[in-house]
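*Asks:* What follows is the residue order along each chain.
There are 4 protein chains.
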Amino acid sequence: MNVVTPKIRMGFVGGGEGAFIGKAHRQAAGLDGHFELVCGAFSRDARNNQDSGAALGLPASRCYNDWQHMLAAERALPADQRMELLVIVTPNHLHAPIASQALSAGFHVFSEKPAALNLAELLALKAVLKSSDRLYGLAHTYLGYPMVWQARKMVRTGVIGAVRKVMVEYPQGWLSRDVAGQGNKQAGWRDQPEQSGLGGCIGDIGTHAFSLAEFVADQPIEQICATLGVHIAGRQLDDDAAMLFMMAAGATGVLIASQVCAGEENPLKIRIYGDKGGLEWRQEEPSSLIHRSLDQPMRILRSGVGQPWLCEAATRRMRLPAGHPEGYLEAMANLYGDFASAIRNQVEGHDAPGVPGIDVGLRGMAFIEAAIANHRGDAKWTALVCHP
Amino acid sequence: MNVVTPKIRMGFVGGGEGAFIGKAHRQAAGLDGHFELVCGAFSRDARNNQDSGAALGLPASRCYNDWQHMLAAERALPADQRMELLVIVTPNHLHAPIASQALSAGFHVFSEKPAALNLAELLALKAVLKSSDRLYGLAHTYLGYPMVWQARKMVRTGVIGAVRKVMVEYPQGWLSRDVAGQGNKQAGWRDQPEQSGLGGCIGDIGTHAFSLAEFVADQPIEQICATLGVHIAGRQLDDDAAMLFMMAAGATGVLIASQVCAGEENPLKIRIYGDKGGLEWRQEEPSSLIHRSLDQPMRILRSGVGQPWLCEAATRRMRLPAGHPEGYLEAMANLYGDFASAIRNQVEGHDAPGVPGIDVGLRGMAFIEAAIANHRGDAKWTALVCHP
Amino acid sequence: MNVVTPKIRMGFVGGGEGAFIGKAHRQAAGLDGHFELVCGAFSRDARNNQDSGAALGLPASRCYNDWQHMLAAERALPADQRMELLVIVTPNHLHAPIASQALSAGFHVFSEKPAALNLAELLALKAVLKSSDRLYGLAHTYLGYPMVWQARKMVRTGVIGAVRKVMVEYPQGWLSRDVAGQGNKQAGWRDQPEQSGLGGCIGDIGTHAFSLAEFVADQPIEQICATLGVHIAGRQLDDDAAMLFMMAAGATGVLIASQVCAGEENPLKIRIYGDKGGLEWRQEEPSSLIHRSLDQPMRILRSGVGQPWLCEAATRRMRLPAGHPEGYLEAMANLYGDFASAIRNQVEGHDAPGVPGIDVGLRGMAFIEAAIANHRGDAKWTALVCHP
Amino acid sequence: MNVVTPKIRMGFVGGGEGAFIGKAHRQAAGLDGHFELVCGAFSRDARNNQDSGAALGLPASRCYNDWQHMLAAERALPADQRMELLVIVTPNHLHAPIASQALSAGFHVFSEKPAALNLAELLALKAVLKSSDRLYGLAHTYLGYPMVWQARKMVRTGVIGAVRKVMVEYPQGWLSRDVAGQGNKQAGWRDQPEQSGLGGCIGDIGTHAFSLAEFVADQPIEQICATLGVHIAGRQLDDDAAMLFMMAAGATGVLIASQVCAGEENPLKIRIYGDKGGLEWRQEEPSSLIHRSLDQPMRILRSGVGQPWLCEAATRRMRLPAGHPEGYLEAMANLYGDFASAIRNQVEGHDAPGVPGIDVGLRGMAFIEAAIANHRGDAKWTALVCHP
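Those protein sequence lines, which keep their order, are chains A, Y, S and V.
The letter at position 201 of the first sequence is residue 201 when you use full-length UniProt numbering, and the numbering goes up by one with no holes.
The letter at position 70 of the second sequence is residue 70 when you use full-length UniProt numbering, and the numbering goes up by one with no holes.
The letter at position 41 of the third sequence is residue 41 when you use full-length UniProt numbering, and the numbering goes up by one with no holes.
The letter at position 143 of the fourth sequence is residue 143 when you use full-length UniProt numbering, and the numbering goes up by one with no holes.
Just to be clear, a hint being listed does not mean it is correct.
One copy or two, either will do: identical chains are not told apart, so a pair holds if it fits within one copy or between any two.
[Said to hold, decoys possible] Straight line, CA to CA, 30 Å or less: simulated DSSO-like cross-link-like pairs of lysine-lysine: (1) K380 <-> K153; (2) K276 <-> K185; (3) K153 <-> K269; (4) K269 <-> K380; (5) K7 <-> K276; (6) K130 <-> K185; (7) K153 <-> K113.
Since the hints were derived computationally from the structure, they do not count as laboratory data.
All chains should be modelled from the sequences, with the hints used to inform the complete structure.
*Replies:* In structure tokens form, the structure reads like this:
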């Protein structure tokens, strides 16, 4: 007799109607069929909350007015009914408080980034996580792209030789105007330090560029020299950042993150060069990984199941044959897939293999703090302080 | 009190473990959360069938050994439990028989293409459909891409003027070798006329190119002049096709479909030129639509919600802001989304708006027949016979 | 004592002020320093002729009112002063008459294409050439691109295996409107059969696509099935052509040439597929040659001196290291360079190695005639008649 | 009677057989027919010198053993025979000494960059220039590209609004290995400070990136924060540089120049963003200028005569219709063309309009010095000192 693989019961905080990222999480989670949405506290607006839940097929009884009630109510349900995984897609300042309580209440947590508003909060969350027996994941979606894993593998196996240079950039244009002042809700809370954290652009997208660089180069950034900018009168947080950096194994690099590159969409891009060759990957065309070499013509490795020259870590993150584009939701679905596997396999520890965890959050926080400190101070270089 | 939107209960014929397209359908259907998989006859291999169902979270009671039993058993279930929509992802020769019986049994049908093996079968299916009160859809996935809708809209509103030229091409390379002889299951049945139909490449991908051309140009192809080829000894069906064509409103064009373009992946591409400008779209980079013009520099319209220059039909088929790639599964999910809307809204007639239906199947069949007839005969031009 | 390499003395017929192609020839000839302009009959407009010559640094005595006088006067000059090479850049109908007389008068000839207006004229020219001891070259500029030679070499050495498919296209947009009616001089004479020949688009650019296909595939096209079009009221000659073709060694293909693809510039492109891989080259980005393969990732071979993976025939047609673009004038300069070498080395026979000659002209004429005959007739296929 | 436009008589120092850049200069100068090579001191190797001259068609009497003799001998020739313009294509340390003496001797000078080895030398050269009545030009070839002028024009006319961000990069890979140690002559002298100057990569290509940024943004860089690197044991000068910068009108930016980006060819690239839009240009595809905007879809402006949307300054630097690629030699020929016009028109002052002059050299020197100083010191920012 076959054992039926049950779906993992999932609840949401945030992501009511009109919220982009919450919907993206549900789509990503739905793609591979590992999850079943069972409850939510989608919005603090009671009407939006109920409407959102109803539209998603949830009974009113599982649409909670706030996350505190949700945690309590779900905990009280029979084990085979209650939520197993909580997805947090609220503004930033709620990430850590909700995650801490959810972990303590016995729920796995998959949280939008950043993990917390500041370092203190983040360390507290980590302590809670360590004392729980639950898993914690962070939605660094770009680390779910298969060709990012392929790049990392090629770096680790020496295909490009010893890494010398890393250039990572993330130019967006959507804050070129005062969109917050014009009513854009997402731009609005992102510019409130008490909701967004210390960093604006540096936190919102700089951390994506940062974690991508560390992930692909497979070595930490140790020192940075940064400059931040604000380009709209009245804007509180940075909308632009650029920095030089030095990595642990001797590579140097440049990181650019900006939200005032007018007209740019979302072309996160990394180039990494060793003494034998280089790699280039660009999120807007994620199926292609360019490999340059000193000894042979440029190659373009293309995503697609069944390509024998792709590594296993990349291939198992693909669904389709070459030439059938997969994109952002598929990348996020890869994080959900790995999270599902970890839950089902009752992985020990607090990290789901393949899913960015609390330590990626800590690195990102150290990065934001160092960037701001360096920008404000006179010193040329500032070390990233790695927290325990 | 809110009315909960229930998920539509969906069953599968075909798509057991190892079958690419069945899994893609489930992923596409899962993406936007409109459907719930409730049953299946995934494989004629009983073990595969049970394993597939269990892995998908189905109880053994809803994993049926064959589709005939499934139709009967599901029909016998209470209305609030039984399957509403049947998805058909079997080899081609079963599409029409299963669809006919499913429609007759009161189920909506979403079928992989082709709709049937030959014209007689297709006309019979259409008759069944007309006498039922159910909806029928055909998985012409490429017609689900948002920028294809944008292109069609620009053609229809005269942005490029009166259409003169259409060039559509679909070069693949996967049949460059005798992969069927080497055990590739998908290549195997595709080369059996009794399972695949009269056309090889012309049916498998030529029809995609054909329907894309008619869809974007918004006019039918009337005459073709074709040549087909076979490039592997022992291969029964064509693996390569090229043709000239004439359209109803005076445009002429070229259609290329080949599966022996070694090294090519899946670059279905259309270019269409009018007396004012031209458009170009390529499936491997589906987010970009190139617009050339006699009066202004080349523009690239990029996919993404919130771009004011995109039409409503395109925008509502997108999920993400510009720069966040969406791909093949999202395009297929758009067909599922429109099918779900039609079911929920109890659309009258047999076509779900936005979803290719039986007439697209008929056009494709006329195309295959004309191409083969023209190839075999001496006449330069052969008319496509439009069936009622 | 070193022997000084003298420059080759060159004269022009045509190419007065305002003529695009004549200037391009002078620039191409000037690039590598092999030639010295010594005389010309640049225009039948006496003023333009004198002005053009003066602007080019010629004394009035070497600016002739017509080509007949030029041939006679130059012939009468001392051997170390008189023109050695005549470049013909007039409208088409003058190519053969001037070339014949120039060859007979003892001058080498480098002619714009086509070699002649029709087959009779061309055969007569060939007879004259055979009875002379001079060299004759035809400005099929696209055959001067280094990566075209690289592609041909890879085909000849079996890198892509046995050739199965050739797709060549040349879509332009500049005749989308009635530019001749609006006073465009180049469009004007091109639409006069008595000046342009039997073919419009098929002759003007179709022959470029045709000769590129034969050159790269290294086999002749034997049969074609064609359709031609005219899209402007009152236009006499075709502005659009498409055809299927069969080659001598079994390959099949498609050729598209059009001048009504609104917004297109000059993207002549060839793709060629064998049983092991395929190649793609596009004139608008001439430094890149894409190589796809069944057994390895896609490669992009890039132009540039010193790339060990490029063949000698390609490398010696480059001037600069990789990454320093070379373009159309450099390609034409390669024809001039090979012509100069042949003159200096007193090559026997009538063809300058590396330079398209009279037989390329004959192939092109057979192509034009077959295309027109096929278009007008009922037969599906028309053979290209190869003239002696 | 027409006045014949005489060619400008040109001599070379450097550029004997085997020297890449000298040949490129001759090709560029030859392209548009403005110049006639009359003499040279091509190599200090007497044999190479004579061979080079003979191959170029020069009599032995005009092939001089050294530049000192050349200046003296040419000066002694009749005015209608002697060299008018001296082109300097030697290693860097000779640029200023030769230029100074040539200007003093009454010759116009077109020099490879850098103008001098160090600031003192450069200021001395400028003094000589000011006291002469001759013209001086510097081969900043990338400033000769038409679409660079188009970009500058669009910036100056406010198309992208107030400039906020400039990102300029120049990654090469050719020094990834110890090519100097392996006998590469060009790499060899470039690593000798006494021949090359204080900067390695920062001088060789960093100055190209720098001058491109200032030219397109139309404002000077005022402050930089830089890091330099050396990646080969024994290499004396930097092979890699990255910096943050601040411009005079408030824009900030990043400049990357590296010669250890293994596999990269020559992709000098600039992106510039204002409050309304952005521009992107890349030397490896110089015919395209990408224009992004907040208010309309991305546009690609393509090079080509006759495009009404291109500015006059760009159009007059093009030779061919759109779709006929022009490249590096054409860009350099544009500098030569403007230099020829200035000579013929007897422009007053010491700069040829359109040609980078001594002040571009001074800016570059200030840039190199500031970069090195900042790299060596502790201060975060270093001001570029603008010399008189």
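*Asks:* Now tell me if each hint is right for this structure.
*Replies:* Verification of the supplied hints:
For a Cα distance limit of 30 Å, the shortest separation of K380 from K153 qualifies neither inside one copy, at 33 Å, nor across copies, at 36 Å. In this assembly of identical chains, the alpha carbons of K276 and K185 lie at most 30 Å apart only when taken from different copies (22 Å versus 47 Å within one copy). In this assembly of identical chains, K153 and K269 lie within 30 Å of each other by CA distance both inside one copy and across copies; the values are 17 Å within and 29 Å between. For the identical chains of this complex, K269 and K380 are neighbours both inside a copy (26 Å) and across copies (27 Å), given an alpha-carbon limit of 30 Å.
In the homo-oligomer, the alpha carbons of K7 and K276 never lie at most 30 Å apart, since the shortest distance is 46 Å inside one protomer and 45 Å across protomers. Taking the shortest alpha-carbon separations for K130 and K185, neither the intra-copy value of 35 Å nor the inter-copy value of 49 Å comes in at or below 30 Å. Only within a single protomer do K153 and K113 lie at most 30 Å apart by alpha-carbon distance; the minimum there is 25 Å, versus 38 Å between protomers.
Checked against the numbered hints above, the structure violates hints 1, 5 and 6; every other hint is satisfied.
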